[in-house]
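**Student:** With the hints as constraints, model all of the structure from the sequences given.
Residues 1391 to 1659 (the numbering used here) are what the sequence shown spells out, left to right.
If you are wondering where the hints come from, they were derived from the structure by calculation, not from laboratory data.
A couple of the hints might just be wrong.
Derived CB-CB ranges, DEER-like [to be verified]:
| no. | residue 1 | residue 2 | range |
| --- | --- | --- | --- |
| 1 | G1481 | E1445 | 21 to 31 Å |
| 2 | G1570 | S1427 | 34 to 44 Å |
| 3 | T1508 | A1583 | 20 to 30 Å |
| 4 | P1453 | D1480 | 36 to 46 Å |
We treat Cβ as the ideally placed atom computed from N, Cα and C, and that holds for glycine.
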Amino acid sequence: MNRSQILLPHAASHAPALTQRPQRAAASRLSVSWARSEAEVREAQALRYQVFTTEMGARLPTPPGVPAGLDVDLFDAYCEHLLVRAGDADGNPGPVVGTYRVLTPGAAKRAGGLYSDTEFDLTRLRGMRSRLAEIGRSCVHPDHRSGGAILSLWSALAEFMNRNGLDTVIGCASVSMRDGGHVAASLWRQIAADHLAPIDCRVRPRLPLPIEHLRQDLVVEPPALIRGYLRCGAQLMGEPAWDPDFNTADLPLMLRTADLPARFRRTGA
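**Tutor:** Right, dumping it as structure tokens:
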């Protein structure tokens, strides 16, 4: 699937993401759209930098030629970037408060693989790659985590998947390691008890979180994004990887569109 063949809402099959007009989200004063310009991608990268460095203590080097205060990596150029904006009382779109980036199968080939390939051995997913999209760098501003922004992102993503003939999405959910990893290990244990994927969809971390040396008995409230994934039917594909640059434990998650709640499937129809 070439970039020019990606179908975005309200865009013809030959039109790239830059021509797609904003789509009103169900949540009041929130709007969701696909980035149409480098400036809009920069807005997403600025939000990512703010959330990742402030909340997770990530160490994000600035690539040569990139302005300070942005989270940028080589995959950004190959991805479609989904944005949620918070509007004012008059309905005018405001700042970006939520974002995902989406890597389609064709774009992944051009990029040399998925971002998840750098953290996990995805051998068992080989047969799914032609129908699989990867979401990543997901973040929502702290003031907008009550549900509206997350639901807006998921609704737009479901529509994107449906229009492009994709049936599976994977990605990593990051948990801060500021406590040394005990919360992440305990969260892994809690989620694995009820949401572990079948063996043929399991992956292995390249740099595993040493969960055998960490506490796994803490009662942990999952972060809002992870709660949202699980409510949508997501499954855990294996043990977490340790990302030393972001200072996080990354949980590998998979969601099939067939498992989405009906409200999202209707949106994506």
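**Student:** Regarding G1481 and E1445, is the given constraint of 21 to 31 Å on their beta-carbon distance met?
**Tutor:** Taking Cβ atoms as reference, G1481 and E1445 lie about 30 Å apart, which means the hint holds.
**Student:** Are G1570 and S1427 spaced within 34 to 44 Å by their CB atoms?
**Tutor:** holds (41 Å)
**Student:** Is the distance from the Cβ of T1508 to the Cβ of A1583 consistent with 20 to 30 Å?
**Tutor:** holds (28 Å)
**Student:** Using the beta carbons of P1453 and D1480, state whether their distance is inside 36 to 46 Å or not.
**Tutor:** With a Cβ separation near 38 Å, P1453 and D1480 satisfy 36 to 46 Å, so the hint holds.
The earlier numbered hints are all upheld by this structure, with none contradicted.
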